[in-house]
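**Q** Residues 1 to 112 (the working numbering) are what the sequence shown spells out, left to right.
Please keep in mind that the hints were generated in silico from the structure rather than gathered at the bench. All clues stand as given, with none of them false.
Below 30 Å or equal to it, Euclidean Cα-Cα: the simulated DSS-like pairs (lysine-lysine) are:
1. K64 <-> K21
2. K64 <-> K42
3. K16 <-> K42
4. K64 <-> K16
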Amino acid sequence: MSHQSGITASDVLREKFAQIKDHNSHTRLLTVVIEHESLVPKEQCDIEGSFNEDFDQLLNSLVKPDRSCYYFIRLDTTNETGGSNWLLITWISEDAKACTIRHKYFDTLTNS
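Given only the sequences and the hints, what does the whole structure look like? Please build it.
**A** Here you go:
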């Protein structure tokens, strides 16, 4: 699983996705970051209330202005196969220390 950037999903992340997609999992949110050109799981939080209650509480405490990341959030609804629906939020901070997509894009333009 790789894109043009060369960033790949780590084995740990693949295992984490297999665990949290299980019907018995109580995971509400999984935070994924890029470390050493690999996607790795960081924070994981369990369901405590409704989606709206958990969303407000969790995102306010987990968003860090200097870190770009992906937030995978389990909704309270299920799809036609019985699995959970998920919301993906991509956060790219202007102040992130890591090389962001934006920087790679501009590097590509200037080197062409």
